[in-house]
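Read off the chains here:
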Amino acid sequence: TQLLEQSPQFLSIQEGENLTVYCNSSSVFSSLQWYRQEPGEGPVLLVTVVTGGEVKKLKRLTFQFGDARKDSSLHITAAQPGDTGLYLCAGSNTGNQFYFGTGTSLTVIP
Amino acid sequence: EAGVVQSPRYKIIEKKQPVAFWCNPISGHNTLYWYRQNLGQGPELLIRYENEEAVDDSQLPKDRFSAERLKGVDSTLKIQPAELGDSAVYLCASRLGYEQYFGPGTRLTVT
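If you're matching them up, the sequences are chains A and B in order. Residue numbers are given in my numbering: position 17 of the first sequence equals residue 531, and the series is strictly consecutive. Residue numbers are given in my numbering: position 13 of the second sequence equals residue 39, and the series is strictly consecutive.
To be clear, the hints were calculated from the coordinates, so they are not data collected in a lab. Heads up, some of the hints might be wrong.
Only some residues are given here: those of chain A computed to face chain B with a beta carbon under 7 Å [stated by the list, open to error]: (1) Thr562; (2) Gly566; (3) Thr616.
Glycine is no exception: its CB is placed at the ideal position from the N, C-alpha and C atoms.
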């Protein structure tokens with residue numbers, strides 16, 4: 515089993531604050547995805563990173579893949595209430611298997 | 027383009043009853059996944075199909091769960107008989123390249 519640990523598990527912040535979510539593993543992945551899931555819906559893909567050290571930006575969200583392709587981070591600048599949700603990372607190997615992280619539940623208070 | 031479609035969205039059954047979930051993946055996506063997700067946690071893989079072949083079902087509780095993907099398109103997941111601990115959201119996803127796309131899930135409540 516290839517485990518992905520996310521931290522923190524829960525996060526409650528005020529609107530306008532910055533935050534970082536971490537996704538760590540002892541395993542190497544060929545790619546890593548970040549998803550956001552809202553209540554009653556399935557996870558929605560935010561980004562895929564495939565190169566060690568890669569940084570991708572999606573508006574106020576910045577995603578980084580670790581140099582060794584074992585870890586990743588998601589940084590949100592000036593959080594908005596619409597950012598509220600469950601954030602999931604998922605590592606993929608060449609066998610088309612996806613291993614999901616433990617999840618980070620984010621609440622942004624207006 | 028339509029996304030992954032799942033039905034029903036919600037199901038409430040009594041324990042020991044059977045239940046079935048249906049999934050229609052995105053057209054052209056050959057890989058299909060069934061996951062189970064408990065509240066606030068990440069999805070856990072139950073079974074993965076490549077076309078009509080189940081290539082990874084090691085996490086599927088085969089004494090009560092079964093799945094099929096006839097013709098390599100739609101898929102059904104069945105539980106018989108259901109137990110209280112089966113209450114969860116059952117997610118279907120399909121994959122293209124590095125990325126997988128999820129349906130809205132079926133929330134199962136076993137009473």
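How the hints compare with the structure:
The interface hint given for A:Thr562 is met, as the beta carbon of that residue sits about 5 Å from the closest beta carbon of chain B, less than 7 Å. A cut of 7 Å between beta carbons decides the hint on A:Gly566: the least distance to chain B is about 15 Å, and the hint is violated. Here the hint on A:Thr616 is kept, as its CB sits about 6 Å from the closest CB of chain B, short of 7 Å.
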